[in-house]
Amino acid sequence: MTGSRRLRVAFVGKGGSGKSTISGSFARLLARRGEPVLALDSDPLPGMPYALGVAIDDGPIPDDVVVEGPEGGPRWVLDPRCDADAVIEQYAATGPDGVKYLQFGNLWGHASTLQRAQHAWSQVVREVDPDRWHLVGDLPGGTRQAMFGWARYADTVCVVVEPTAKSLHAAARLLNLSTATWAPHHLVIVANKVTDPAEIEAIGARLGRPVASGLPLDAALADGDRLGTAPLDVAPNGAFAHGVEALIDHVESLDYPRDMREPS
Amino acid sequence: MEAGIGSLTRLGESAIDVTLVVVEPTPRSIDVARRGLHVADERGQGRVVIVANKISDDADRQRIIGAFGDRPTVFVPEDPAIDAADRRGTSPSDDAPDAPGVQAIEHIIDGLGLPDAVRG
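Protein chains in written order, with our numbering: chain L, 1 to 264; chain F, 1 to 120.
Extracted from the complex, chain F is given alone in its bound form (with noise of 0.2 Å):
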């Protein structure tokens, strides 16, 4: 979705399955991210799992687990190969399959329980 959390605020209650509210070990970004998480909650757009991006140590975590508590959260390392990807203008899965970061975005989807026929 666009960023913040305007497109949120627009679907229909319940229209969604599983919302990843994407947050980065910052302040600002942890206040983004709580307000999507409310907005989730209150319009029911599924199970909400907090996708924790460019941790680079265990303060960073800290700061996650530090502002969301209990919820269920997916930790994904700050990642040079995804960086570099990005400035190439190309996918980090194609470029960089095996980068931590991008196995861990995979570990995403393993973790969602989607059904075979629904992951593809």
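In isolation and in its complexed conformation, chain L is listed as follows (with noise of 0.2 Å):
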């Protein structure tokens, strides 16, 4: 990957239909390509740990490191002292494969116990340096934060269906993304949980665009989840990781405006 662009990748879908565990792997297969991976995390209830193998439970940006923001300005700001920088090298956490993960925060009761991290976390992806770092996102599951933006520093959103009625109509609501004035340039259908080939073709015929990735269903994955095992620890040689490579292939080679592929 040698003089291209970084990516910037965010994983949406219905809840269940297999974010996490997708984005996670992403995440640490690129990492193995001798790539600087730093995994995104806005999910207040967030699963991405479990797919990268962090050990890491309650992990939100300090509320010490955040102050109140300017009149006019965000409510809350990262102390002047401390940027995107530090607070990656200080809060991320380093997993598998040297992965850096950074969470949103994890809710034990009303979301605005997490006001001031969430507007740290926020501030730490709008600036964080493009060209040091592929971001890996994960939102939570459904519409709502991908509505409201939550993906705009993804330059492709992975929507992720499982072959379900109800998965595919939230991946069908997730394309109106391609509306929003923060429109990704590219926008992949990922089906998963696929136990039969003309499944991904039901799939793209509904969603009326090809499905760019088709993982399987796979029970070794399934046993690693009730364990609480990464899925590239239980199946590191499975179809599902060959088939994420693929996806990171994939995402590599799609075409991105001359400006944003050109070397820093």
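Hints are computed from structural coordinates only; laboratory data are not their basis. Be aware that a few hints might be false.
[What the hints assert, rightly or not] With beta-carbon atoms standing in for the labels, derived distance ranges:
# : chain 1 : residue 1 : chain 2 : residue 2 : range
1 : L       : 69        : F       : 62        : 40 to 50 Å
2 : L       : 180       : F       : 98        : 18 to 28 Å
3 : F       : 84        : L       : 130       : 37 to 47 Å
4 : L       : 80        : F       : 61        : 50 to 60 Å
5 : L       : 93        : F       : 62        : 28 to 38 Å
6 : F       : 71        : L       : 69        : 40 to 50 Å
7 : L       : 67        : F       : 88        : 49 to 59 Å
8 : L       : 220       : F       : 98        : 28 to 38 Å
9 : F       : 90        : L       : 179       : 30 to 40 Å
[Stated by the list, open to error] Subject to a maximum C-alpha distance of 20 Å in a straight line, what follows is the list of computed SDA-like cross-link-like pairs (lysine to any residue):
#  : chain 1 : residue 1 : chain 2 : residue 2
10 : L       : 166       : F       : 44
11 : L       : 166       : F       : 83
12 : L       : 166       : F       : 81
[Unchecked claim] Covered by chain L, according to a simulated footprint, are these stretches of chain F (three or more residues, beta-carbon under 8 Å):
#  : region
13 : 25-33
14 : 83-89
We put the beta carbon where it would ideally sit given N, CA and C, even for glycine.
Both chains are given apart, each in its own frame, so use the hints to dock them into the complex.
The following block contains the structure:
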């Protein structure tokens, strides 16, 4: 990947579709290629640590590096003595394969308890050096955060869809992201838990777009899920891992506006 | 409700009679369910019943019991009939009313002790 722009990818989809499983594995496999990867988790009940194999529970950016913002600006901002690089260095966890993992927070009660951490997380995502890190993000299930622009850091958004009516319904709505002012350059359909190639065709027909990647239903992953073991640790050479490798290749191969592809 | 606990945190206190916390036998799901329990207890959201879903064996049962102790718990077995209905986009209770998973869900209603007028 030398000489090309870093990837900025986010995963959306209905709850349970496999966003966290795929995004965490995507981040690790990309890191295994020798690339610097920052995994961004904006789910207040995060699943990405399990997929990454990161031993972390509640790990928000601490309130003591967040101060009141300027009048007319964001309510909370990072302490000026602490920039995005410093936050990543100090508060992002380091997981297997060297992935750095930055959490939005982990909710125990009302979302207001995470307000400072949430603002700080958003500021880091806005200000992170795009030439330094590949960004791989995981959003909560459903459409809310996606429609409010939480994936605007990504130029490729992967819509993860299971071959079920509920999941297809959510995916169809998420494809409306293409009309948003912050629309990503690419919306990529990722079919997950596929048991029959015909399901991939049916998903593509229903959504009116080609499916870029079809990942298999894998009983080993479900077993790992029960034990809290990351997919790449339970089935490192399985069809799922190979499918995610192919997805990375696909995202890398996409065309981006010329100015975005130029090396820094 | 919406997945997660956001909707639960936005309800008024004591707004509902019974909270069913649905949990799969995985560490991630158990973690979320613990948070849901915490909010339901704190905000007085009625009687709380754990609905342990996709239970395939005794190890799964023990994971749930280990996490939630003596909380009232209903176990719903992993059931291919429910998965198949999901893929078809149909209701499991229409497609496979006698399937073990559907029967277990029916027993949840029995266990809540609702008056017939409420149950319909």
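Which of the numbered hints above does this structure break? 2 and 10
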